[in-house]
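Q: Here is how the chains run, residue by residue.
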Amino acid sequence: MDLRFTDAQPTAAEREAVESVLGPAGMDSHQRIRTASNLRIFATGMQSVSDRRHLLLPALETVQSEIGWVSEGALMHICRELSVPPAEAWGVATFYSLISVDPSPPVVLHVCDDIVCRRAGALDLMEGLESNGRTPGVRWLPSPCLGQCDRAPAAYIQRAGEEDGVLVSMDPQTRPIGPDGGVISSNGHHPSAAVPQAGEPHLRLLRRVGAVNPRSLDSYLEAGGYRALEAAVEMGPAAVVAEIKASGLRGRGGAAFPAWIKWEAVADSPDPVRYLICNADESEPGTFKDRVLMEDDPFSVIEAMTISGHAIGARQGYLYIRGEYPLATRRLRSAIDQARRAGLLGESTRSGISFDIDLRRGQGAYICGEETALMNSIEGLRGEPRNKPPFPTVSGLFGKPTVINNVETLCNVLDIVTDGGAAFASVGTPQSTGPKLFCLSGSVRRPGTYEVEFGATLGDLIELAGGLPEGRRLRAVLLGGAAGSFVLPDLLEMPLTFEAASEAGVSLGSGVIMAFDQHTDFGDILARIAAFFRDETCGQCVPCRVGTVRVEEALARIRRDPQPGDLELIEDIDLAMRDASICGLGHTAAIALRSALELGLLE
Amino acid sequence: MTLPETSETREAVRLTIDGAPVEVRPGATLLEACRQMGTDVPTLCYLETLTPVNVCRICVVEVERNRTLVPACSRIAEEGMVVKTDSDRVRHSRKMILEFLGSSVDLSAAEDEVGEWMRQYQAEPARYGPQSEPTVAGERDRRHPGHHGEVNGRTAEGVHQPTKVDNTLYVRDYSRCILCYKCVEACGIDAQGTYAIAVAGRGFDARISTEMDLPLGDGACVFCGNCIGVCPTGALMFRSEWELRRAELWDPDAQSVTRTVCSYCGVGCNLELHTQDNRIVKVTSPQDHDVTSGHLCIKGRFGYDYVQNLGDVDRSSIDEVLAKARRPAPE
Ligand SMILES: Cc1cc2nc3c(=O)[nH]c(=O)nc-3n(C[C@H](O)[C@H](O)[C@H](O)COP(=O)(O)O)c2cc1C
Ligand code: SF4
Ligand code: SF4
Ligand code: SF4
Ligand code: FES
Ligand code: FES
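Keeping their order, the protein sequence lines are chains H and W.
With the working numbering applied, the first sequence covers 1 to 603.
With the working numbering applied, the second sequence covers 604 to 934.
Next comes chain W alone, as it looks inside the complex (with noise of 0.2 Å):
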């Protein structure tokens, strides 16, 4: 019997990083290489469960001999790389995505670590001037590629347009989107298997879309809101949660995370109801669940408000805002 090849079976690869020496499987990337001594990486278009598409190049790492910097979380490790992390044109590029990413994009709903990371490598975002007007519904969706309108210089441009209301269980806030792509591979290759969205346009007005920009109903999407569980930036939000936070009524610190199990068939997905007034507002999975790496399918996502009867007796206010979310329209 042969063994399958493994990291055990095959040599280490030793490199340095930061002056340090380390070891790591064949094949690891230096994003491993760095995670396994410690070193922080900050990623965001990376997520160890999708496919990595280097797009948002906030990882890079200088390494010797490399006329550019290189993306932490795809390249792969080898023999006697000589890799810095925290240089200066390092610390330059990233606080440079930083800015570009804050002057264009809504970042107020992204993970905790982006305003984190915006202190640590000293981002201003204000340096490009005030934000653009934003545009109206739709607008950004009919841009012809290859084409822009006049610049003056007075704002910086963004990508600021309403968000998209047009189903009962989740909304898509596109002023919130860095293009990450990880939606795409999750309703993709990488997990769903669905293909309802993709990225459309070019440059600048490259967006993420549905074919022709149909509302999600009359698309293909089949409503598991993966989408939405790998989302970094909030873009991609429970209606419940939407509407919440519109009522001013979100309240993280008042939530609980409840991990159970999806009752609805035999898999044994594992669901985590977040819950805040005794309400359940949003569900998601674990993303290191070895059954569902996070992702989930409609019933588990969005199939629970069976054990929550919002009667139209002793209405709280956060049912009151519930409620509104299982209207089609937003009021």
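Extracted from the complex, chain H is given alone in its bound form (with noise of 0.2 Å):
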């Protein structure tokens, strides 16, 4: 391969920035090995043949972070460095919401206006930005659901050469920024408010939460951590498949697939190069539990991932995590380089196995989500979903036998191997087991992250955030997030379990639960999920990429006057995208819509 590059060049600061990731420039560039399996990662044909393009997404994501924007001089550099064609590198960098290709201004606000913040103010909040005119210096863009609804209106905030931060409401009166875009109230972090349930006696996944630093690998060993790798180290990796598969464990991700199937595949496969990927993406709109245990409990996430690579003999796992997470991001590259340090991750580790840890940030795109999207990305290719067959456990990251799980399911790791899968199979129900996160917004009085077992109402789980506020009724909720369906009052008693969801037709996909009350112009969100799916599908496929824009345009004419013919057409656009379409976006973009008409939530 012959590459052609333009003569642009870095400037000092971008040459800098580039180094950090990649390494001293010129070291040893185009004479890198190219081995078989490296010359087709997947057959899309996009793929370059530098055994290197992994670290694209990491370079262009430390420019972006360091100088604001990606210039032609430091795509090139990148594109030098690591032999991708331009043109490739261009496409992976125009993929991404957060990454600018234009001169940017050194701060840049990325305001949610997604469906809670919306209705929590940040609509004023934009209309006040917008009317103060330009700030020089400063730039301000909408943003879809930022996992801060239970502090909603929030904001995101990428600041050139600094860190970069979330800025979210403590309370309703505040806002997170002022008319000219200055801060007023950062992220001013009380575990105690990401959880209301704090301190509680009965809690599992969230028990550490608030009594633990998250800080402090000590602080993690001293409350029992990392006991549970103590013991799935002592029982090898068969057995603990053997409890994964007697807990029940099903993926809290969003398809509820049981994971000892993946785990198993993987363990037994005959390649002796596997992956491990924690999926901490958490894009689908009203989601924001995994935040709180990768924020308040971040060894815990370590910990589990290392078991789970232990036990299917991947000895590289890599956490992904959306860009739009910080705080999180730190806490848990904090707890990466400490457990480094403590000899509990790397090359034979004390605990006498070895694994190691990368974590890669996403860069604003929901898609990334999407198992095979999220490979792709980490490839260093556009983050579009690969078609399936092959399943990631046969040809997953780098071609190679992978276990993807979400952040939740694999926390549920540590007690399933401490207390053994029968115990966590006895909480919940026999097809529901363990307890469960939920992400309660909206219309209720204290919106946040619950633990319940499974088996625990729709009601319920509204009772527990404090039911609505005085004088709101419960008109309907979001269940499952922007992927999911609307359900009305009626369904109050349905038990939040798999099984009930499904007979029920609707899904608890990522645990959302977002209450409307009787206020609620539901047009005004409807079109809002609508856009949502328009700006995030990959547009890969025909269906999907055209799919999302009719539906909403026909959306916009049923709001200013319903013909039969427009509801006919959106029946006819959800059958065709989720009959034809390649991945779970595709599949789920009209459903809350559909549901919404035939609940007549729009008349």
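FYI, nobody ran anything at the bench for these hints, they're computed from the structure.
All of these numbers come straight from a predicted model, not from anything done at the bench.
Any given hint could turn out to be false.
Cut-off 30 Å, straight-line C-alpha distance, at most; resulting in silico cross-link-like pairs (DSSO-like, lysine-lysine) [what the hints assert, rightly or not]:
(1) W:Lys767 to W:Lys927
(2) W:Lys698 to W:Lys687
(3) H:Lys388 to W:Lys687
(4) W:Lys902 to W:Lys767
(5) W:Lys902 to W:Lys927
(6) W:Lys698 to H:Lys388
Fit the two chains together into the complex; they arrive one by one in their own frames, and the hints show the way.
A: Structure below.
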């Protein structure tokens, strides 16, 4: 491959930023070993032959965060260093909404205007920003859900050369940013505010939140941390997989797939190179449970990943976290560092296994939470989902057998290993075992992440969150996030289990429970959901790329003047997207809308 | 000596398509199986010579016990599969895909089958409303992922935009682009190995682009024209064809195709010279030719002017138009 680059050169600062990820410039570029396996990582013909290609996104991300945007000079420099064709690198850089390829001011505010925030004052806030005109050095953009719906409205702030951050509203009266774009309240993080149940004795997943210092390995060890890993090593990989099987643990990322099936498939693979991925992309609107675990109990995520790696025979794990979670990222990075220094991660750790973790940051793309898009994103390709089969357990990251699990799924592994799969399975119902986190937001008194045993009803959860504010009546609940569906109060008695949900024709998704009262403008909410999918589709396949646009257009017409033709059109589009799209985004993009129309929420 | 494993040495795979049993070689796709039976399956992003990307989804078929439809072009046939290629679900998805493309892309220069499928599946692209205004040059190339403008539903948004004319050999009219990825594959791993173009942007704003949307000549393009050869919609077009179409002189019925061997080097690439009024108006290579698989280099593809001197005496109108194709900027 004879690559051609333009003459553009990086500035000294850009060069330094790139060097911090890729090492000194010129180091053996163009002469890296090319093996058959990385020639064709997967079959779209877009992969490069560079074995350092997977550093493309980290390099772009670092330039973005240090300089504030990615110039032609910086892009060419990265391409030369990694032997990546510039057109492909351009394709990757322009895929992510947090990366700018145009000159940008040093401060960029991403102000959430998604479902919860827009009902919590985000629209006024944006109007203020707009009418105030331009503030030099600051740009603001609307953003999809930032995973802070319990502290809405929220904003994510990128600052060139400085740490990025999240601005939230600690009480409904405050606004995170002033009309001039100035920061009013930054992430004054109180675990107790994130987890209303903090300290309650029945908690399993959340028991360390607020009780253990998330910055200190010692504190984690004192609270019993790393005993599960010890037990897992003693038991041996096969026994761990057997306990997972006995536990009945099912995925908490949305698809509810039994964890053991994936673990066993990879553990039994003839290929000695395998990977474990922790999916921490958490971008489903209304979802923020994984953030709580990562911010306030990061060591448990690291320990659980280590156990999983041990069980499936992976020596390398990847933790892929959404870019808009800077606090969780810092805590996890520090946790990984401390674990490494303590000999709990890395080559032949003190527990006798070899396992290490690489943290990768997403850069603003909901689709990268889809497991195969996430793998492509790590590999330095565009975050486009792959066609399945082959499934990741056969051909996953870098074409190798891979287990990918959600953060919450993995965190359950700790108790399964220490208490046994049977004990875990005794909690909940036969088909929905163990504890479950739900993300309560919208019209409830105390929004937040709540832990219950499977079997609690929708009504129980809303009660836990304090019910609706004075004078508000429950009109509908969005269950499972933007990819989920609306339900009416007649389902309050429904147990939130996989089986009950499936019987009712709905899905628990990522555990979103968004409450709406009688004052809700559902047309506005639905329009935001339609816009979300149109913005977030990767654009690869026709049914979803065009279907999401046509849905948004039809909804705009319906809101003005409903015609039977448009309702029929939405049904037609939904059916084609469900049937013919490549991935779950297309399959679910019109579900919430159709459920709302069927329930008459627009009338 | 051990024989290489071939379809003969392994057992055939047996499946049922539209109620009829069929046996195919192991590893065959459902598309291959359908074709073996003479069952038509439409395809847009699939080409024998390229790795399947399975993105257009027009080839979907129904397979029993699969929740969704599956792309025939890339799904490997399995023992005992029960496949339906003409069920209501299949017909519905194909119709919708044709409507989605027809309502957002200019298909007027697409391969003839596309129009036939439109009729066969009773696609009505017009039911999404009138086409949105074309965007100004370069606007779509600057769109930022995750954001889009106001939507009022009065028009159906499309990809219409001015043609990119930045060289004398070929033009890129992305108003006609269905984003089938064929050109990207032909330019990259599957044929040319140049990687001059890739998909950029996201969602409905995804587009084929050079780095920084540079003019072709400023990027990595070597003008092999292999992308033109695979493009199913006429988005990539010889400059000569484009100029003739603009002058309303393009006349496929008046064209003849002459097969010959390229005289530039000793590889033996077969050329198909398309001529109109005794002038070469474009050059292709047969896709089933074992030397080229339809791919050529700049010399075979574009280096034909030496055989036809467009003199300045006795200019016929076609010569005048073809002469325009040699000027860098369109008039
Ligand atoms: C569009 C889309 C976005 C997704 N986003 C996430 C996500 O942010 N986090 C997650 O854990 N799973 C997400 N998933 C589900 C993953 O594809 C996958 O099922 C999950 O990571 C498997 O882990 P689990 O079995 O532990 O749930 C998403 C799926 C789709 C289709
Ligand atoms: S369904 Fe949508 S998000 Fe998924 S691959 Fe297709 S275009 Fe991309
Ligand atoms: S002409 Fe050849 S090199 Fe240029 S973009 Fe097309 S395939 Fe690539
Ligand atoms: S330009 Fe042609 S070949 Fe390339 S993606 Fe568009 S339609 Fe396909
Ligand atoms: S953070 Fe704004 S809606 Fe979730
Ligand atoms: S031809 Fe099969 S998906 Fe395009």
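Q: Each hint needs a verdict: does it hold in this structure or not?
A: Quick rundown of the hints versus the structure:
1. Annotation: proposed proximity of lysine 767 (chain W) to lysine 927 (chain W) holds, straight-line Cα distance about 16 Å (limit 30 Å).
2. Only pairs whose Cα atoms come within 30 Å are accepted, and lysine 698 (chain W) paired with lysine 687 (chain W) is accepted, the gap being roughly 16 Å.
3. For the suggested pair lysine 388 (chain H) and lysine 687 (chain W), the alpha carbons sit about 19 Å apart, so the restraint of at most 30 Å is met.
4. Pair hint lysine 902 (chain W) plus lysine 767 (chain W) holds up; C-alpha atoms about 22 Å apart against a cutoff of 30 Å.
5. Annotation: proposed proximity of lysine 902 (chain W) to lysine 927 (chain W) holds, straight-line Cα distance about 20 Å (limit 30 Å).
6. Straight-line distance between C-alpha atoms of lysine 698 (chain W) and lysine 388 (chain H) comes to about 23 Å, which keeps the hinted pair within the 30 Å bound.
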